[in-house]
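> Residues per chain, in single letters:
4 protein chains.
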Amino acid sequence: MLVVMKTDATDAQIARVIEIIKAMGFEGRPMPGAQRTTVGLVGNDGRVDGSQIESLDGVAEIIHVSRPYKQVSREWRPENTLVEIGPGVVFGGTDIPIIAGPCSVENEKQIVLAAQQVKEAGANALRGGAFKPRSSPYSFQGLGKKGLELLALARKETGLPIVTEALDEEGAHLVAEYADCIQIGARNMQNYALLKTIGKLGRPVLLKRGMAATIVDLLMSAEYLLAEGNMQVILCERGIRSFDPSTRNLFDLTAIPLVQKLSHLPMVADPSHGTGLRDKVIPMGRAAIAAGADGLLVEMHPNPEQAMSDGGQSLYPDQLARLVREARTIATAIGRSISPSSGTATAANG
Amino acid sequence: MLVVMKTDATDAQIARVIEIIKAMGFEGRPMPGAQRTTVGLVGNDGRVDGSQIESLDGVAEIIHVSRPYKQVSREWRPENTLVEIGPGVVFGGTDIPIIAGPCSVENEKQIVLAAQQVKEAGANALRGGAFKPRSSPYSFQGLGKKGLELLALARKETGLPIVTEALDEEGAHLVAEYADCIQIGARNMQNYALLKTIGKLGRPVLLKRGMAATIVDLLMSAEYLLAEGNMQVILCERGIRSFDPSTRNLFDLTAIPLVQKLSHLPMVADPSHGTGLRDKVIPMGRAAIAAGADGLLVEMHPNPEQAMSDGGQSLYPDQLARLVREARTIATAIGRSISPSSGTATAANG
Amino acid sequence: MLVVMKTDATDAQIARVIEIIKAMGFEGRPMPGAQRTTVGLVGNDGRVDGSQIESLDGVAEIIHVSRPYKQVSREWRPENTLVEIGPGVVFGGTDIPIIAGPCSVENEKQIVLAAQQVKEAGANALRGGAFKPRSSPYSFQGLGKKGLELLALARKETGLPIVTEALDEEGAHLVAEYADCIQIGARNMQNYALLKTIGKLGRPVLLKRGMAATIVDLLMSAEYLLAEGNMQVILCERGIRSFDPSTRNLFDLTAIPLVQKLSHLPMVADPSHGTGLRDKVIPMGRAAIAAGADGLLVEMHPNPEQAMSDGGQSLYPDQLARLVREARTIATAIGRSISPSSGTATAANG
Amino acid sequence: MLVVMKTDATDAQIARVIEIIKAMGFEGRPMPGAQRTTVGLVGNDGRVDGSQIESLDGVAEIIHVSRPYKQVSREWRPENTLVEIGPGVVFGGTDIPIIAGPCSVENEKQIVLAAQQVKEAGANALRGGAFKPRSSPYSFQGLGKKGLELLALARKETGLPIVTEALDEEGAHLVAEYADCIQIGARNMQNYALLKTIGKLGRPVLLKRGMAATIVDLLMSAEYLLAEGNMQVILCERGIRSFDPSTRNLFDLTAIPLVQKLSHLPMVADPSHGTGLRDKVIPMGRAAIAAGADGLLVEMHPNPEQAMSDGGQSLYPDQLARLVREARTIATAIGRSISPSSGTATAANG
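Residue numbers (my numbering), protein chains in the order written: chain H, 71 to 420; chain L, 71 to 420; chain V, 71 to 420; chain C, 71 to 420.
None of these hints come from the bench; they were simulated from the model.
Keep in mind that the hints are not guaranteed to be accurate.
Copies of the same chain are indistinguishable here, so a pair counts whether it falls within one copy or spans any two.
In the DSBU-like style, the derived pairs of lysine-lysine whose C-alpha atoms are separated by at most 30 angstroms in a straight line are [what the hints assert, rightly or not]:
| # | residue 1 | residue 2 |
| --- | --- | --- |
| 1 | Lys270 | Lys215 |
| 2 | Lys270 | Lys179 |
| 3 | Lys216 | Lys266 |
| 4 | Lys216 | Lys92 |
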């Protein structure tokens with residue numbers, strides 16, 4: 071339930087609404103907007119009788135949010151939420167940042183070189199897995215903490231903010247220490263324990279859509295993060311399961327405008343996992359921008375043939391540069407722009 | 071099996087290859103290319119021993135086409151096939167035509183007005199159903215032959231070529247008399263009897279992907295048309311079945327670059343059926359162009375609220391104009407262009 | 071709309087209701103039941119004001135059928151429809167017939183031997199394709215009319231009724247001459263022209279569920295047949311498209327009780343196409359019976375390794391005998407029975 | 071890689087093989103069989119040169135397991151693995167146990183009554199969630215540790231072993247203290263951190279198939295448990311995502327014989343989640359038994375209308391009794407039997 075205050079409502083009137091909501095056994099969360107303040111009622115409001123609140127001074131109207139998600143919805147917050155993961159790297163505004171890097175952090179040379187290539191190509195943040203969810207227990211599982219340290223080193227060298235995945239509670243705390251944005255992978259989209267843990271860490275989060283998740287499922291999982299008080303959430307389309315083996319996943323680009331209409335959170339796209347095919351990453355990355363994506367997440371490796379994982383879908387460095395150029399032209403065509411190159415001059419010189 | 075001739079092969083050498091293939095019980099079809107001629111062997115070549123042909127004069131090499139489709143493949147014909155459905159309305163080249171119009175032809179006033187609006191918006195061809203495949207036998211099934219006559223009238227008024235669907239053998243012959251391009255709908259993609267009938271009619275065909283069809287299934291169905299001697303085939307992505315009820319279908323834009331790599335046939339996209347939601351047609355139409363689509367197929371109605379079918383996914387005339395404008399900018403960004411407005415000035419004045 | 075008459079309504083009262091419905095521009099179809107007669111209104115009844123009819127003598131109540139299908143629904147006809155395709159071979163009752171035979175009719179020896187093996191195994195009807203819908207235009211397309219003649223010969227030899235597929239209008243008329251039940255394949259489930267043609271032929275029909283068809287889609291397609299006046303329709307689950315390549319299709323057995331609740335038509339299952347794997351046909355055939363299937367459709371070939379199509383999913387003759395035995399035990403366990411062996415002794419001797 | 075020893079291989083020869091494998095940097099795990107011992111090589115064996123081992127005394131042959139899973143495979147262990155979760159409640163043998171109970175543990179009265187009804191109906195184990203994975207953060211999340219205590223109480227009252235879900239590391243340790251079998255839910259099937267944790271706990275595990283998981287994905291996730299040394303793993307089909315909204319999930323019963331062929335682990339079925347519809351649970355439970363399921367997992371609630379979760383798919387107590395009766399008849403028909411009623415008389419009297 072949302073309590074929309076009048077434009078001239080006083081602070082005392084707002085406080086009174088929150089007080090009454092508390093007395094009813096719920097939490098009232100004030101959300102100041104450009105024109106007016108709205109107070110959200112957190113908790114299952116099926117039992118709430120809104121009439122008691124509607125009659126309070128300063129209240130304009132009561133909106134019952136009928137959808138199963140609440141804080142992620144546009145009704146709850148009409149303006150786009152901006153999520154900043156590094157200086158100038160902001161998702162949800164006019165600028166469109168591009169996150170790129172290898173599937174896994176493999177060693178110092180590889181990740182530092184990758185970071186430099188990402189930066190040179192004009193992308194804005196570095197991705198790279200330290201903890202890898204692998205379908206086989208016998209596959210390379212990532213370098214763990216050592217991988218995080220190498221990512222931090224790559225950031226120091228280039229100034230690029232870092233996005234990396236956490237798989238469990240202990241790992242999430244570690245990732246939060248090192249990374250600028252914590253990724254929750256597709257396989258963990260409905261790992262609610264992990265969502266609750268990460269929701270409390272106060273770091274920006276990139277939440278990937280699960281392989282069998284509807285748009286509503288994705289928004290419900292994001293709601294777990296927001297319910298813990300973390301609004302800094304980026305959503306990500308990365309392909310869903312389909313009957314056609316032509317591609318690793320079925321890249322559902324319509325999810326972009328769908329999510330953007332239903333939610334205030336930024337929605338990015340991952341054409342690497344979305345297609346699983348290197349030569350489809352560029353056209354589908356362009357298509358994602360044209361569909362309105364608020365960012366791209368792309369796999370690039372200095373040497374894809376020797377990658378320890380996902381080599382077949384990783385771009386070569388010069389292909390990433392081409393994708394950034396083409397994305398820039400497409401963005402301009404729809405009145406947006408790819409974020410300017412990231413990283414401090416100092417770092418670049420250092 | 072493909073017999074690639076040397077660049078300096080003589081006509082006599084080519085004729086000899088065809089002769090030998092015929093003696094083996096197959097048909098040899100010569101395909102002159104820019105650099106060299108290739109001779110395709112039509113028929114099931116599982117039993118063919120290529121060594122006999124390989125040793126003939128003028129033969130450069132033998133390529134065994136392992137894929138289940140043959141004449142639709144890039145190996146069979148490396149260059150894009152251009153399909154012209156009206157003066158200057160060509161699919162498969164640099165220019166990207168846009169086909170638009172109502173789901174159904176309803177009456178003279180509606181279809182003529184729609185055609186004028188399509189033309190004014192800058193689109194290049196008129197769509198409209200005279201024979202409608204409806205899931206209910208009690209729903210409006212289209213005006214039939216009367217609808218075709220009205221489409222012809224709309225063409226006369228505007229000069230726009232006409233694309234309309236055929237559902238059965240009798241209807242296909244009628245449609246071939248009136249229309250510039252015969253559409254085969256998603257539900258009939260594997261109606262092989264209809265494919266054979268339409269393949270013989272010698273008209274350009276627009277073949278829509280079935281709701282459960284893989285890319286290979288689509289190409290196999292196109293093979294039926296080519297096997298009847300008709301190369302004028304346009305393929306169309308229009309959304310497939312998925313588990314998410316958010317959209318009517320799941321619009322699989324990766325199908326565009328996939329088909330274009332595997333086949334020489336032009337591949338267009340239908341964002342109206344692909345999403346089923348009017349407000350998603352513009353962003354997904356843009357995305358299709360960015361992904362490399364060779365054309366768009368879009369539903370537009372002069373008065374969507376009063377449409378007899380598919381009103382909810384039909385654009386308003388001014389939305390179509392906006393889509394054409396935005397598609398134009400996106401096309402430019404990737405070095406292509408939306409086809410210039412179609413229709414003769416005379417017709418427009420008439 | 072359904073007009074339920076009182077139990078003591080007179081013929082004159084019923085005739086009056088039909089007359090009024092006709093005057094309203096629709097057709098009224100009387101359906102005598104065990105207790106009372108119901109009159110169905112055929113046509114789109116969105117505009118009909120039921121009050122005029124409700125006040126007529128003998129009318130008990132008006133039921134508005136809200137579902138998109140009508141004549142196929144249990145509301146329209148509460149009792150199971152029994153479909154008899156040969157003497158004693160009845161679908162929809164307590165007995166459960168088994169239809170078996172090769173994918174394609176290949177030659178006289180093969181189909182007659184197959185029919186004898188089907189009969190010896192204890193199955194009740196013979197299947198075999200004369201017109202084959204093949205995904206490749208270069209694959210064996212069936213023997214056509216010759217195949218129908220061979221099926222008729224096999225029937226003469228064994229007494230088994232024949233089920234075979236029709237692909238187009240011309241073929242449907244031919245099939246109707248020779249076969250006891252016309253099959254409409256999965257790829258043609260939404261070929262509405264074919265449905266209308268076959269609906270008029272007055273023969274029992276076996277309609278297979280399309281690969282991307284929901285239960286409602288299947289019922290809507292059956293409605294096309296019933297709307298042409300043919301009530302002799304058997305529905306068939308044969309697997310749908312899924313993301314798991316382990317099986318050719320995903321066999322959806324829940325469709326059986328779902329359809330049986332919504333419709334009065336018999337619902338059978340095809341574990342051969344449903345799984346695509348010979349060694350899964352027996353367990354899944356048993357499972358279909360346990361789920362309540364009104365019949366089985368199974369591929370069996372005298373010599374699966376040499377089959378011209380679908381050899382990999384065809385049972386060996388002794389496997390069919392085992393399936394019939396095990397199906398019999400399962401049927402008994404749920405209070406039903408497999409139909410007794412079909413075919414007259416005379417025929418067998420003849 | 072599997073090292074198959076000769077039938078007369080001595081213990082010393084086996085020990086030597088293990089020693090050599092260890093020297094190569096892997097673990098050799100001896101698996102005594104009825105006829106002969108096999109030694110499995112644990113670890114990524116891509117680099118291993120088998121010839122060194124092949125030449126050792128007592129070695130019959132080397133089998134390279136090409137499938138991505140290993141210890142779960144039938145090649146690794148030809149005999150069925152038996153998983154006993156309570157006295158006489160064994161999965162994987164001829165007897166088929168039935169696990170039943172409410173979705174959530176709600177309070178003492180509810181769970182004790184449910185347990186008594188489960189026992190009276192003839193089922194063999196009690197299910198009930200203490201930790202609930204809910205798509206909404208505002209929904210009832212289970213009673214937690216209190217729920218586990220109530221389950222233990224219900225066990226004390228009835229003697230039924232307990233199956234309940236764990237969602238995270240901390241919860242898994244708690245569940246291991248109280249429950250006889252730890253369930254890993256569909257949403258956590260690829261939560262590899264949880265799989266590793268639970269694999270180490272030494273308790274029987276019931277692993278449910280994820281909504282978008284292929285059969286191979288399911289086996290790979292089970293491999294995580296076995297790789298931690300836990301062989302006591304039961305797999306469970308519970309429905310996957312599909313395009314048809316008629317049912318909550320698509321119940322894939324072919325998964326049962328598929329898994330049983332590929333793996334030695336028992337495979338059970340959950341018709342409650344598999345269909346999501348109370349009136350489909352009995353026919354589909356029967357079908358699962360007929361397909362060869364090694365057990366059933368069914369939701370039953372003393373009072374489904376008042377259930378705090380999943381009431382719509384929960385059986386009434388008398389429906390469970392009917393399901394057990396019908397399952398018994400089906401099991402007999404295929405030469406198996408439903409496990410005899412569980413629970414000690416003492417417990418029942420106590």
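> Are the hints correct? Go through all of them and say.
Results for each hint:
no., hint, verdict
1, Lys270 with Lys215, "both (21 angstroms within a copy, 22 angstroms between copies)"
2, Lys270 with Lys179, "neither (34 angstroms within a copy, 35 angstroms between copies)"
3, Lys216 with Lys266, "both (25 angstroms within a copy, 20 angstroms between copies)"
4, Lys216 with Lys92, "between (46 angstroms within a copy, 27 angstroms between copies)"
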